[in-house]
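Sequences are here, hints too, so could you generate the full structure?
Number of protein chains: 2
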Amino acid sequence: MRPHRPSNLLRVMPAKGATAVDVVVIGAGVIGLSCAWRLAQQGAEVTVVDDGGPAASDVAAGMLAPVTEAAFGEEPLLRLACHAVATYPSYVDELGGSEVVPVRHEGTLSVGLTADDRAELARLTTYRDGLGLRTEQLTRRDTREREPFLAASVGGALLAADDLSVDNRAVRAALRAQARAAGAEMLTGGPARLQVDAGRAVGVAVGVDEVRADVVVLAAGARSSVVDGVPEHALPPVVPVKGHVLRLRPQPGRHGPPALTHTVRALVHGREVYLVPRADGELVVGATVEHQGLDDTVVVAAVRGLLRDAHEVLPIVDELALAEVSTGLRPGTPDNAPVVGWSAVPGLFVATGHYRNGILLSGVTGEEVARQVAGHPPSALWQQLGPRRFTLQEAHA
Amino acid sequence: MRPHRPSNLLRVMPAKGATAVDVVVIGAGVIGLSCAWRLAQQGAEVTVVDDGGPAASDVAAGMLAPVTEAAFGEEPLLRLACHAVATYPSYVDELGGSEVVPVRHEGTLSVGLTADDRAELARLTTYRDGLGLRTEQLTRRDTREREPFLAASVGGALLAADDLSVDNRAVRAALRAQARAAGAEMLTGGPARLQVDAGRAVGVAVGVDEVRADVVVLAAGARSSVVDGVPEHALPPVVPVKGHVLRLRPQPGRHGPPALTHTVRALVHGREVYLVPRADGELVVGATVEHQGLDDTVVVAAVRGLLRDAHEVLPIVDELALAEVSTGLRPGTPDNAPVVGWSAVPGLFVATGHYRNGILLSGVTGEEVARQVAGHPPSALWQQLGPRRFTLQEAHA
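Each protein sequence line maps, in turn, to chains C and B.
Residue numbering for the first sequence follows the numbering used here, starting at 3 and increasing by one per position.
Residue numbering for the second sequence follows the numbering used here, starting at 3 and increasing by one per position.
Treat the hints with care, as some may be off.
Just some of the chain B residues that point at chain C, by a computed CB distance under 7 Å [claimed, not checked]: (1) V102; (2) Q253; (3) T299; (4) V300; (5) V301; (6) V302; (7) A303; (8) R306; (9) I318; (10) V319; (11) D320; (12) L322; (13) A323; (14) L324.
Calculated from the structure, these hints are not laboratory results.
As the structure is a computational prediction, the values presented were derived from the model and not from experiment.
The C-beta atom is built at its ideal place from N, Cα and C for all residues, glycine as well.
Written out as structure tokens, the structure is:
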């Protein structure tokens with residue numbers, strides 16, 4: 003099946019020397035790949051272009067945590083996130099099952115180190131309870147039984163049993179494989195430049211290559227607002243939000259029980275730190291939240307702080323190998339929700355701004371993008387998440 | 003000039019398919035390369051074999067610090083180290099000058115964070131004064147003037163003006179270039195195996211390659227005691243002493259005064275940490291001292307501790323990029339002094355065990371090895387540093 007083309011889209015003839023496809027996707031992170039996969043599945047000829055640089059998708063920790071991520075005033079995002087968690091198992095099945103994409107179901111423990119930290123957690127819990135999110139207060143003893151290596155200063159914990167976690171690198175690798183299997187082409191080169199002709203998007207240039215397309219999907223994550231050639235009024239209001247993440251692993255030759263089995267989110271003297279365990283013993287520790295532009299330098303203060311705080315919560319981290327120190331740039335938006343929909347430039351579709359929820363929302367985003375690109379109106383959960391919402395709000399102000 | 007061959011060495015004919023040289027050196031760290039360079043300079047045909055793995059030479063910080071390294075009961079080592087520092091400028095000249103091998107002359111500041119730390123420093127100072135080493139007590143104000151970014155809790159400092167520091171990676175690179183220029187061949191492959199025939203060393207095998215030689219110089223650093231084929235009674239008593247080292251650098255695009263200009267050695271709640279500045283703004287922070295065998299895993303506790311202690315001494319490290327985290331294996335010996343001399347196996351010369359002083363002693367070691375291999379007896383400074391000293395001590399016990 004070829005995708006239905008909205009009647010306002012004309013087939014653009016390829017320029018001399020350029021290839022032509024139905025859709026070109028800018029960005030090979032989990033969002034771009036998921037879009038490419040679903041578009042290719044419904045019959046579109048798809049090319050994904052990418053600069054080959056590091057992707058936030060690979061730095062992420064893979065928490066699928068609508069409950070413990072729920073912050074004040076983010077209800078549209080929360081509804082979408084709950085839907086994404088509920089449908090994650092079938093998404094993983096389509097990606098090849100849990101052999102290919104390991105998912106953990108132990109849930110998340112939220113803990114506080116000091117009395118102040120625990121008071122802040124209680125405040126958030128009251129809010130989340132009000133939203134109908136399921137959490138359970140565990141006693142100190144129950145907590146210790148579940149996670150014997152937590153620091154003595156950690157008392158009880160709040161269990162969010164519905165939170166999942168996933169190996170985010172496996173998600174990205176599986177998406178790439180599925181997109182390829184569905185027929186999508188991958189083109190890795192320099193930065194992409196949008197080609198605009200007579201006011202509409204007609205393709206993408208990467209180095210000397212040019213790919214003409216009816217539709218361009220802008221899924222460049224934190225770099226979405228600096229893609230060359232995109233008219234200013236169509237740029238999504240995405241800002242890079244830098245996060246430092248550590249990957250700890252058991253030392254070679256040392257065996258023992260895993261340091262953690264649940265995801266642990268801790269408040270440590272008011273600072274947030276999370277620790278996400280993998281089946282192979284890896285522990286992902288994150289993450290800072292920094293507004294530093296597109297800078298991705300690993301900085302002492304951040305690494306020092308993460309190691310210090312992780313150690314306060316789980317002293318046994320000291321015995322693990324420090325396997326990786328990395329930074330990723332989350333695509334932040336003014337309301338922390340993604341930006342998915344047709345832009346002000348005909349032919350240019352935007353799918354970015356997933357901030358801390360890219361891994362969680364990758365599946366539902368790909369499906370929604372494929373729907374809308376095929377000519378359907380936004381589905382209910384996405385109606386408030388289009389790129390025009392920021393311009394409209396400004397007009398009202 | 004061909005090297006003089008001691009009369010007890012017979013020229014060994016090469017086996018079929020093997021190349022033959024005068025000397026094969028096992029190990030391409032600064033010690034092996036310095037030996038190869040000096041041997042080649044005096045006319046020997048030299049091949050250096052190396053497994054291509056990481057070298058402690060590249061992890062080191064490059065402190066040339068006989069004064070602040072002087073510990074109780076290590077006088078033979080101290081005399082050698084003082085000689086090495088005194089001759090370092092001419093060594094650097096031969097390596098291409100300070101353009102090629104940057105040396106810093108600001109000296110070392112020893113500081114203590116707590117009253118206990120300062121008391122311990124005072125105790126060491128008394129000892130070093132007794133040895134005639136030149137140090138100068140700086141007031142808090144003088145210290146602050148020299149290093150304005152030191153933590154407020156650091157009071158005065160002890161200046162060792164004669165201590166130098168050098169870019170150790172530049173030393174290794176220059177030694178490699180000089181050794182090559184003098185005619186030495188480099189052979190990088192798997193681990194080396196000593197070839198012994200009728201009780202004497204006759205060459206080295208690396209993978210399928212075999213290099214026959216009159217003399218084999220064992221300069222494999224921390225791996226010197228596990229080189230295949232070396233008869234047990236000839237193995238130097240070297241144990242690997244693991245050290246974690248960090249390399250911090252200014253963040254891209256950020257300019258300002260350097261974080262430090264002197265090398266700073268600090269006692270922080272009884273723990274030692276050093277910070278060695280480079281001209282390009284890099285700051286080398288080290289080092290742990292761990293007996294973990296040949297394991298070179300980067301471990302959380304060590305990195306956490308170095309970052310914490312460096313930050314206590316110099317809070318501004320927080321603003322630097324964490325450019326590298328590495329571990330090196332120092333070749334430790336029972337008396338912390340190097341092991342340089344003919345082994346119990348004819349044809350096998352040992353040059354290893356330089357522990358924390360490999361960069362400092364590389365020049366004088368190369369010269370001494372070339373002398374002894376050419377048939378000369380050990381020179382005065384080296385008479386107590388041969389490999390037989392451990393067996394003799396045991397015999398006396």
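Going through the hints against the structure:
1. Using the Cβ-Cβ criterion of 7 Å, the hint placing V102 of chain B at the interface with chain C is not satisfied: the shortest such distance is roughly 29 Å.
2. Hint status for Q253 of chain B relative to chain C: holds, with the closest Cβ pair at about 5 Å, below 7 Å.
3. The closest approach between the C-beta of T299 of chain B and any C-beta of chain C is roughly 5 Å, which is under the 7 Å cut-off, so the hint is satisfied.
4. A cut of 7 Å between beta carbons decides the hint on V300 of chain B: the least distance to chain C is about 5 Å, and the hint holds.
5. For V301 of chain B, the interface hint holds, the least distance from its beta-carbon to any beta-carbon of chain C being 6 Å, beneath 7 Å.
6. For V302 of chain B, the interface hint holds, since its Cβ comes within 7 Å of a Cβ in chain C; the closest pair sits about 5 Å apart.
7. Nearest Cβ of chain C to the Cβ of A303 of chain B: about 4 Å, under the 7 Å cut. The hint holds.
8. Contact between R306 of chain B and chain C, as hinted, is supported at the beta carbon level, the nearest pair being about 4 Å apart and thus within 7 Å.
9. Because the closest C-beta pair between I318 of chain B and chain C is about 9 Å apart, greater than 7 Å, the hint is violated.
10. Because the smallest distance between the Cβ of V319 of chain B and any Cβ of chain C comes to about 5 Å, under 7 Å, the interface hint for this residue holds.
11. With 7 Å as the threshold, the beta carbon of D320 of chain B comes within range of chain C, its nearest partner Cβ sitting at about 4 Å, so the hint holds.
12. Against a cut-off of 7 Å between C-beta atoms, the interface hint on L322 of chain B holds, since the closest Cβ of chain C lies about 5 Å away.
13. With a least beta-carbon distance of about 5 Å to chain C, the hint placing A323 of chain B at the interface is held under the 7 Å criterion.
14. With a cut of 7 Å, the hint placing L324 of chain B at the interface with chain C holds, because the nearest CB-to-CB distance is about 5 Å.
Violated hints, listed in ascending order, are 1, 9; each of the other numbered hints is respected by the structure.
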